[in-house]
Amino acid sequence: MVSRRVPDTQSTYCSRCDTRLHERVPGSAEKTLAWLIAAVILYIPSNVLPVMYVSGVGGGQESTILGGVLSFWRGGDWPIASVIFIASVVVPATKFLALGLILWTLHRRSDWARRQRTALYRLVEVIGYWSMLDVVVVALTSALLQFEGIGAAEPRLGIVFFCAVVVATMISALSLDPRLIWDIGRNSEH
Amino acid sequence: MKNWRAPSGPCSRNSSHPGDHFTAKMSTPGSELIVCPHCDLLHRSAVLGRHEIAVCIACGHTLARHQSFSVDQLLALTVAAGLCFLIGNAHPLMTIDLAGMHTEATALGTALLMLHGWAALPGVVLAVSMFLLPLLQIALLLWVLIFARMQRPAPGLRTALVVLHRSRSWSMTEVFFLGALVAIVKLSSWLHVVPGIGLWALLSLTILLTILSLVDASFWWSLVQAPA
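Residue numbers (the numbering used here), protein chains in the order written: chain R, 1 to 190; chain E, 1001 to 1228.
It should be emphasised that the hints constitute simulated quantities derived from the structure, not laboratory data. Where a beta carbon is used, it is the ideal one built from N, C-alpha and C, also for glycine. Treat the hints with care, as some may be off.
Here's a subset of chain E near chain R, in silico, CB distances under 8 Å, partners left out [to be verified]:
1. L1033
2. I1034
3. C1039
4. A1058
5. G1060
6. G1100
7. M1101
8. L1113
9. A1119
10. V1125
11. V1175
12. V1185
Restricting the straight-line Cα-Cα distance to at most 20 Å, the calculated cross-link-like pairs of lysine to aspartate or glutamate (EDC-like) are [unchecked claim]:
13. K31(R) - E125(R)
14. K31(R) - D183(R)
15. K1186(E) - D183(R)
16. K1186(E) - E1104(E)
17. K1186(E) - E62(R)
18. K1186(E) - E1174(E)
19. K1186(E) - E154(R)
20. K1186(E) - D1097(E)
Ranges between beta-carbon positions, derived for each pair [to be verified]:
21. L66(R) - I1211(E): 28 to 38 Å
22. I184(R) - T1062(E): 22 to 32 Å
23. I1087(E) - T12(R): 37 to 47 Å
Throw the hints in and build the complete structure from the sequences for me.
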């Protein structure tokens, strides 16, 4: 909805939904960068540390995200391996690269491929939460596999980091104001 | 797809000159102004036909969708979503029977199980995104639509609509459904896992919430402007 700008006022509120209006979301690019850096840092322990511990008759075994993907792949379960790989590796990596690219071009004040970069932003928004898949799988497996002595599963610290990565990248994407992409070329038109 | 006609040049930029502003004419349909939330280009609205969507001519963002559901139909979809939510949480998503032992997983139970100990963060995120937010969305939709059916705005309608809009990004029933499928296939390689009624209720809930999330924002806000 379009609102009339009231001159000489510090803050304006939308007449329809009472939300405070800003010309641009304040500190948008900075917040996005901060959450993105946090996500990249957290991504390291989430891949190095095991995400799940499964004990069986012959002892227990810890597994990491990539270890799990590899064991499915070797076992011939390549559809499951692909789904977990896409959700846990491809999606976060795409988010890092896409948000990094948008932030870098904003920093360089580039007016290159504005439409495509806006589409990239929308892609990041849409795929964002699918990374939670592995957290769901670990949680459900741990809830179901509770047969003492035969087979039991427990979550491990890696999944906490991974969940934090997903939340951080989602906040990072939601903080970004895509209108910033369009500010650069258009200012010169006035 | 229908492009929205843009007035002469992008005039959405707020000028520093006082008085250099623009006014939205909300009274006559088809002449409303809309600003693209992704690139700030100002458009003049067009009347949409069935299955038509309006996209921004600059950045391609979907600005509006044709609204083909009536309030009654939306209310029916919401009630159905509520029932699916109840069934999905009352029945297990899947069960395992092994050597006389029985385990089962429900959506909320799985999240609560994680809350013990250091796995609390994923537990909280799962409980919020898979249980609390879908429940909140259904409750708010019911509240808004029941009053809309009585031809008057619901108390707290603005807050309800803002919360509905903001919570959408964090409601993830579809991820939970896919995760449940992956878990079933994963475990069935060495155990007999039986999918439960809860799983199908979760799938139905996901489809219904997706349909409801496609309802155009202008429809919801038209409820605010309707005379009491």
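Tested hints:
1. L1033: holds (5 Å)
2. I1034: For I1034(E), the interface hint holds, since the closest Cβ of chain R sits about 7 Å away, which is under 8 Å.
3. C1039: holds (4 Å)
4. A1058: A1058(E) check passes; min Cβ-Cβ to chain R is 7 Å, inside 8 Å.
5. G1060: This interface hint holds because 6 Å falls under the 8 Å limit.
6. G1100: For G1100(E), the interface hint is violated, since the closest Cβ of chain R sits about 10 Å away, which is over 8 Å.
7. M1101: holds (6 Å)
8. L1113: It holds, given that the least Cβ distance between L1113(E) and chain R is near 5 Å, below 8 Å.
9. A1119: holds (5 Å)
10. V1125: Interface hint status for V1125(E): holds (6 Å vs cutoff 8 Å).
11. V1175: The hint holds - V1175(E) has a Cβ within 8 Å of chain R, the shortest such distance being about 5 Å.
12. V1185: This hint holds: V1185(E) lies near chain R, its Cβ roughly 5 Å from the closest one there, short of 8 Å.
13. K31(R) - E125(R): holds (16 Å)
14. K31(R) - D183(R): The given pair, whose Cα atoms are some 18 Å apart, holds under the 20 Å limit.
15. K1186(E) - D183(R): The given pair, whose Cα atoms are some 48 Å apart, is violated under the 20 Å limit.
16. K1186(E) - E1104(E): holds (15 Å)
17. K1186(E) - E62(R): holds (16 Å)
18. K1186(E) - E1174(E): At roughly 18 Å apart (the allowed maximum being 20 Å), E1174(E) and K1186(E) satisfy the hint.
19. K1186(E) - E154(R): Between K1186(E) and E154(R) the Cα gap is close to 15 Å, so the pair holds against 20 Å.
20. K1186(E) - D1097(E): holds (16 Å)
21. L66(R) - I1211(E): 28 to 38 Å: Taking Cβ atoms as reference, L66(R) and I1211(E) lie about 37 Å apart, which means the hint holds.
22. I184(R) - T1062(E): 22 to 32 Å: About 24 Å separates the Cβ atoms of I184(R) and T1062(E), which means 22 to 32 Å holds.
23. I1087(E) - T12(R): 37 to 47 Å: holds (45 Å)
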